[in-house]
Amino acid sequence: MFGRIRIASRSHTLSLCCGPASRCALQGSSIMNRPVLLALAVALGVLIAPCAAAQLAVRGDVVHTMAGAPIENGVVLIRDGKIQAVGRARDIAIPDGWRVLEAPVVTPGLVDVRSTVGLTGIYNHPHDQDQLDPSSPMQPELRAIDAYNPREQLIDWVRSFGVTTAHTGHAPGALISGQTIIVKTRGATVEAALVRSPAAVAATLDPSAQRQDDSPGTRGKMMAMLRAELIRAREHMTKREQAGDDEPASRDLRLESLGMALRGETPLMITANRAQDIASALRLADEFGFTLWLDSAVESYVMMEEILAAGVPVLLHPTMMRSVGNAENLSFETAARLADAGIPVAIQSGYEGYVPKVRVVLFEAAIAAANGLGFERALASITIDAARILGIEDRAGSIEPGKDADLALYSGDPFEYTSRCLFVVIEGDVVRDEPR
Amino acid sequence: MMKRVGAPLALMIVLGLTSAASFAQERARAFVGAQIYPVSGDPIERGALVVQDGKIIGVGPVDQVPVPRGAEVVDAEGLVIMPGLICTHSHIGGIGGADRSGPIQPDVRIFDSINVLDSGFRRAVAGGLTTLNIMPGSGHLLSGQTIYVKLRPDARRIEDFFILDSDGEPMGGLKMANGTNPLRAPPFPGTRGKSAALMRERFVQAQEYMAKLDRAGDDPEKAPARDIGLEALVEVLQGKRIVHHHTHRHDDIITVLRLAKEFDFRVVLHHVSEAWLVADEIAAAGAPVSMILLDSPGGKLEASRISLDTGRVMEEAGVRTAFHTDDWITDSRLFLRMAALGVRAGMSRAGALEALTLAGAEMLDLEDRIGSLEVGKDADFVILDGDPLSVYTKVLQTWIEGEKVFDREDPEDRLHAVGGYGAGRDQTPYFCCFGH
Chain A
1 MFGRIRIASR SHTLSLCCGP ASRCALQGSS IMNRPVLLAL AVALGVLIAP
51 CAAAQLAVRG DVVHTMAGAP IENGVVLIRD GKIQAVGRAR DIAIPDGWRV
101 LEAPVVTPGL VDVRSTVGLT GIYNHPHDQD QLDPSSPMQP ELRAIDAYNP
151 REQLIDWVRS FGVTTAHTGH APGALISGQT IIVKTRGATV EAALVRSPAA
201 VAATLDPSAQ RQDDSPGTRG KMMAMLRAEL IRAREHMTKR EQAGDDEPAS
251 RDLRLESLGM ALRGETPLMI TANRAQDIAS ALRLADEFGF TLWLDSAVES
301 YVMMEEILAA GVPVLLHPTM MRSVGNAENL SFETAARLAD AGIPVAIQSG
351 YEGYVPKVRV VLFEAAIAAA NGLGFERALA SITIDAARIL GIEDRAGSIE
401 PGKDADLALY SGDPFEYTSR CLFVVIEGDV VRDEPR
Chain B
1 MMKRVGAPLA LMIVLGLTSA ASFAQERARA FVGAQIYPVS GDPIERGALV
51 VQDGKIIGVG PVDQVPVPRG AEVVDAEGLV IMPGLICTHS HIGGIGGADR
101 SGPIQPDVRI FDSINVLDSG FRRAVAGGLT TLNIMPGSGH LLSGQTIYVK
151 LRPDARRIED FFILDSDGEP MGGLKMANGT NPLRAPPFPG TRGKSAALMR
201 ERFVQAQEYM AKLDRAGDDP EKAPARDIGL EALVEVLQGK RIVHHHTHRH
251 DDIITVLRLA KEFDFRVVLH HVSEAWLVAD EIAAAGAPVS MILLDSPGGK
301 LEASRISLDT GRVMEEAGVR TAFHTDDWIT DSRLFLRMAA LGVRAGMSRA
351 GALEALTLAG AEMLDLEDRI GSLEVGKDAD FVILDGDPLS VYTKVLQTWI
401 EGEKVFDRED PEDRLHAVGG YGAGRDQTPY FCCFGH
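Residue numbers (the working numbering), protein chains in the order written: chain A, 1 to 436; chain B, 1 to 436.
Derived from the structure by calculation, the hints contain no laboratory data.
Accuracy of the hints is not assured; some may be wrong.
Said to hold, decoys possible - A partial selection of chain A residues facing chain B, derived with a Cβ cut-off under 7 Å: (1) Phe288; (2) Ala370; (3) Gly374; (4) Phe375.
Said to hold, decoys possible - To spell it out: a stretch of chain A is covered by chain B in this simulated footprint if at least three of its residues, at any positions, have a beta carbon under 8 Å from a beta carbon of chain B; those stretches are: (5) 138 to 152; (6) 183 to 191; (7) 232 to 244; (8) 331 to 340; (9) 360 to 368.
For each residue, glycine too, the CB sits at the ideal point set by N, CA and C.
Required output: the full structure, derived from the provided sequences and hints.
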């Protein structure tokens with residue numbers, strides 16, 4: 001069964017719609033008290049004209065708001081790109097003239113907690129691969145906004161399955177590969193897509209970041225180089241702070257970028273898979289006091305006590321990541337075990353060097369859902385829990401009034417392989433209306 | 001293969017089955033009450049599957065299938081049974097085929113390189129796979145002879161996996177590739193034109209070699225000197241050995257069909273990213289396709305138009321279609337998922353299940369032995385706990401020739417099914433009866 005689009009119309013209701021750009025007090029407060037306002041409107045002889053551009057309503061047989069229990073027969077009203085109201089259909093009337101999307105299942109737009117899409121492109125040729133510069137092992141000054149291609153086809157691809165927000169940027173593979181950003185999966189320019197920049201600085205404590213015939217060549221050296229660099233950044237920060245305005249200390253983009261992490265403004269996201277590498281990441285965070293995001297973390301299930309004690313979230317590897325090399329002990333059940341332990345966890349699409357060139361978090365969470373995580377927690381891991389880890393829960397991750405109107409509509413259980421994504425809405429705009 | 005005959009014999013004695021004929025047979029096993037997908041026919045709502053001596057001796061609705069006296073009856077109520085899955089294109093086993101010495105190496109047998117103790121085989125049976133076509137890679141125009149294997153238990157050497165033909169020879173095909181993977185510096189080809197020319201040249205040699213063999217007849221004096229590479233190509237020209245051809249771009253697919261027509265060899269088109277562009281041409285040539293579906297397009301130019309729609313388009317065009325894992329490109333544990341993704345994009349359920357089983361058997365010349373649940377065929381089957389196309393469904397058991405090769409309740413098997421600490425290590429060798 002696929003969704004339908006229609007324009008709302010009820011013979012006995014008045015249109016109470018204003019233009020999309022204007023604020024309408026009557027409309028804004030009317031939803032929950034429609035009968036009162038209808039009476040008022042009739043009493044005043046007011047007939048408000050239908051919208052020039054229709055506002056949007058979404059109806060779902062079930063609406064997973066991720067802020068409370070799922071709503072059977074739910075309605076979401078969207079005004080000016082924000083969620084205006086959500087509730088049961090019998091409690092919320094859809095104003096006349098509004099465009100209505102209908103589907104069996106409605107969820108918040110999906111949030112991919114760790115991707116490289118937009119820096120990595122479909123062709124896997126040098127011209128569309130900007131996720132890793134090999135010239136130096138530590139380059140925290142590389143900004144993702146300077147490399148993100150908002151028109152990359154693979155962004156359309158993940159969006160077509162319901163992904164509306166992505167934390168993307170430099171890949172694992174260098175000791176410090178660069179910065180990341182958070183974007184909405186639309187916009188003709190990075191500025192139009194941007195939610196936050198920088199979102200994190202990406203570092204790697206995995207042997208994949210070691211270099212042949214160069215440093216770092218061992219685990220010990222990786223830590224030594226990171227520690228030395230963080231100490232330099234701290235000293236630079238202190239020098240800049242102490243220098244007077246008359247004689248400012250010279251700037252250093254590299255050290256400044258690490259300074260953001262040391263000041264707690266930007267997390268240091270560290271990719272680590274083996275238990276010993278996860279331990280090193282925790283040791284480093286303990287020494288320097290930065291906010292740590294544990295990335296990939298294949299063997300995190302043997303380090304749960306330590307991760308919990310450190311209060312660190314896990315941006316977990318794609319469930320279907322290949323279990324080879326340092327990921328050989330990968331388990332489909334890790335997300336469930338971390339969640340059981342109370343560790344904040346979100347499932348990522350990660351970075352792929354070959355095929356599939358981009359992973360789809362919906363698919364990755366589906367495998368976790370079927371392997372102990374369960375439906376609700378799996379959906380949370382790619383919506384509200386991901387948004388909380390990223391610190392964007394005021395805008396994304398759940399269907400609540402005031403949040404961005406980012407929604408995904410499905411023909412059934414979104415995790416079922418055979419369900420299809422019918423519509424995708426970003427900030428009130430229907431950005432996809434073809435089943436995938 | 002070790003036959004565990006001790007216990008069944010004892011049981012037969014207890015049951016009083018003492019005739020000479022009975023002694024020669026293993027005790028029959030009847031799986032009763034399951035929903036059965038025979039693939040050769042419509043699904044059976046409440047069915048029984050009876051196996052003995054490695055073969056299927058009964059299958060059908062419970063009330064129509066006699067359970068032999070003394071048979072072990074297994075309650076399969078609420079479960080689903082389907083044929084063992086057949087992967088027409090796998091790289092499990094630490095394989096190494098052709099080397100850097102040249103682009104065309106038909107002398108190389110992949111079975112001389114396979115480690116049957118590789119943990120990949122444990123993951124394959126955890127995914128319900130029972131038969132594989134193990135192939136060398138695609139970095140050559142012709143990278144060697146492939147081998148068809150059954151993943152029998154307690155294998156010590158590749159011979160334990162062999163499927164023998166009527167002459168007692170191990171069955172296999174020949175792996176070829178075109179497009180960009182085999183292109184590199186000489187002696188490898190640099191262009192598509194050169195690729196085809198090199199292959200044609202070698203096939204012409206093989207034709208001449210075959211003619212010499214024919215002329216020599218039974219006279220060893222007249223026979224040409226043995227050439228093990230040309231011998232393999234002669235088997236291709238004689239139709240005894242099927243060419244399994246890696247090919248992506250639509251024009252590369254057509255080139256394969258052109259060569260197959262010129263030299264009259266049997267070919268299966270593998271991967272076929274752009275088959276949906278030339279579906280009618282493939283259908284007209286009568287060539288079957290073995291396809292892979294990936295979570296996103298791209299990773300290289302020639303796969304940038306790979307589509308989830310391929311299964312549906314092939315089905316509509318009347319092309320015989322199978323799936324393959326290309327393991328490690330996709331994980332054998334999730335092979336059922338690929339069929340479900342095909343259905344997501346419009347392929348029929350029956351067609352998708354057939355593409356995991358019987359269609360693959362045909363592409364390996366094994367349709368008389370495997371691929372469907374029919375009396376007389378090998379007792380290769382999978383027991384599932386639900387709909388084969390649901391993400392939530394688990395493979396509970398996998399059986400090959402009447403022997404259980406995977407049981408999710410076995411802790412070691414479960415480790416390979418879901419992963420975890422130690423899952424990535426190769427299997428420890430099995431030393432039967434050591435120290436007794």
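Against the structure, the hints come out as follows:
1. The closest approach between the C-beta of Phe288(A) and any C-beta of chain B is roughly 30 Å, which is over the 7 Å cut-off, so the hint fails.
2. Taken as an interface hint, Ala370(A) checks out: its beta carbon lies about 5 Å from the nearest beta carbon of chain B, inside 7 Å.
3. Interface hint status for Gly374(A): violated, as the beta-carbon distance to the closest one in chain B is roughly 10 Å, over 7 Å.
4. Among the interface hints, the one on Phe375(A) is violated; its C-beta lies about 9 Å from the nearest C-beta in chain B, farther than the 7 Å criterion.
5. Only residues whose C-beta sits within less than 8 Å of a C-beta in chain B count toward coverage, and the stretch 138 to 152 of chain A has 0 of them, not enough to reach three; the restraint is violated.
6. Counting residues of the stretch 183 to 191 of chain A whose CB lies closer than 8 Å to any CB of chain B gives 0, so the stated coverage by that chain is violated, three being the minimum.
7. Given as covered by chain B, the stretch 232 to 244 of chain A fails the check, having 0 residues with a CB less than 8 Å from a CB of that chain where 3 are the minimum.
8. Counting residues of the stretch 331 to 340 of chain A whose CB lies closer than 8 Å to any CB of chain B gives 3, which reaches the minimum of 3, so the coverage claim holds.
9. Interface restraint, the stretch 360 to 368 of chain A with chain B: holds (4 residues with C-beta to C-beta distance below 8 Å; minimum three).
Hints 1, 3, 4, 5, 6 and 7 from the earlier list are contradicted by this structure; the remaining hints agree with it.
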